[in-house]
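Residue numbering for the sequence shown follows full-length UniProt numbering, starting at 1 and increasing by one per position.
Simulated from the structure, these hints should not be mistaken for lab results.
Just so we're clear, the structure is a prediction, and the values are computed from it rather than from any experiment.
There may be inaccurate statements among the hints.
[Claimed, not checked] Simulated DEER-style distance windows between Cβ atoms:
1. Gly169 - Val67: 18 to 26 Å
2. Gly86 - His146: 42 to 50 Å
3. Gly179 - Arg144: 33 to 41 Å
4. Phe164 - Ile80: 36 to 44 Å
[To be verified] With a Cα cut of at most 16 Å, we get these calculated EDC-like pairs of lysine to aspartate or glutamate:
5. Lys178 - Asp103
6. Lys61 - Asp51
7. Lys61 - Asp45
Glycine included, every Cβ here is placed at the ideal spot set by N, Cα and C.
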Amino acid sequence: MSVPTDTTGAPAPDDTTGEGRQRASHSEYGVAVLLLALGAWAITDAQGLVDQGARGFVNSKTLPTVVGALLVLTGILLAINVFRGGHGEAEGGEDVDLSGGTDYRTLGLLVASFVANALLIDRVGWPISGAILFFGSAFALGARRHWVTAVAAVVMSVGTWYLFNLVLGINLPVGLLKGIL
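Put together the whole structure using the sequences plus the hints.
Written out as structure tokens, the structure is:
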């Protein structure tokens with residue numbers, strides 16, 4: 001099999017250098033601009049935070065500022081890479097069947113789990129709403145042994161409640177289990 005050549009004998013450019021490649025570079029520049037905008041927004045918004053009990057140089061502004069700076073840096077590096085001719089590989093590394101459609105059942109179950117968690121967390125507390133979230137997500141994503149999934153969901157939600165309350169000092173609502181946990 002021979003490689004197509006142009007009149008100078010050099011290999012002809014492939015299909016990715018034509019109009020399709022130009023559109024792809026525009027979208028990649030769009031992602032770079034989006035990253036720059038999100039980074040600038042995070043840095044700007046972080047400067048309005050009020051320090052409450054800051055110790056040393058680490059305060060409430062530190063993490064959002066670092067994340068914003070990393071977003072800006074990533075946007076700049078992506079723009080430079082695209083300018084130099086780099087481009088992302090279209091789904092080359094993904095193990096996804098692109099011919100299949102969207103699985104609306106799974107998507108609906110995941111959305112329902114997150115909405116249920118958001119609506120129930122103040123009423124029944126994190127341990128119960130978190131268990132519903134974890135179980136619903138695992139069920140939606142194909143968990144087969146429901147009793148094992150339920151036990152794992154309860155252990156994870158109670159475990160994360162203890163982690164946040166006792167270790168991190170962030171009080172999640174206990175709700176109906178007040179006095180038990």
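Hint check results:
Here the CB-CB span from Gly169 to Val67 is close to 22 Å, well matched to the stated 18 to 26 Å. For Gly86 and His146, the Cβ-Cβ distance of about 46 Å falls inside the hinted range of 42 to 50 Å, so the restraint holds. For Gly179 paired with Arg144, a C-beta distance near 35 Å keeps the hint of 33 to 41 Å intact. Taking the beta carbon of each, Phe164 and Ile80 are about 40 Å apart, inside 36 to 44 Å as hinted.
With a CA separation close to 39 Å, the supplied pair Lys178 and Asp103 exceeds the 16 Å bound. Between the alpha carbons of Lys61 and Asp51 the distance comes to roughly 8 Å, so the proposed pair stays at or under 16 Å and holds. Taken as a hint, the Lys61 and Asp45 pair is honoured in the structure, with Cα atoms around 9 Å apart against an allowance of 16 Å.
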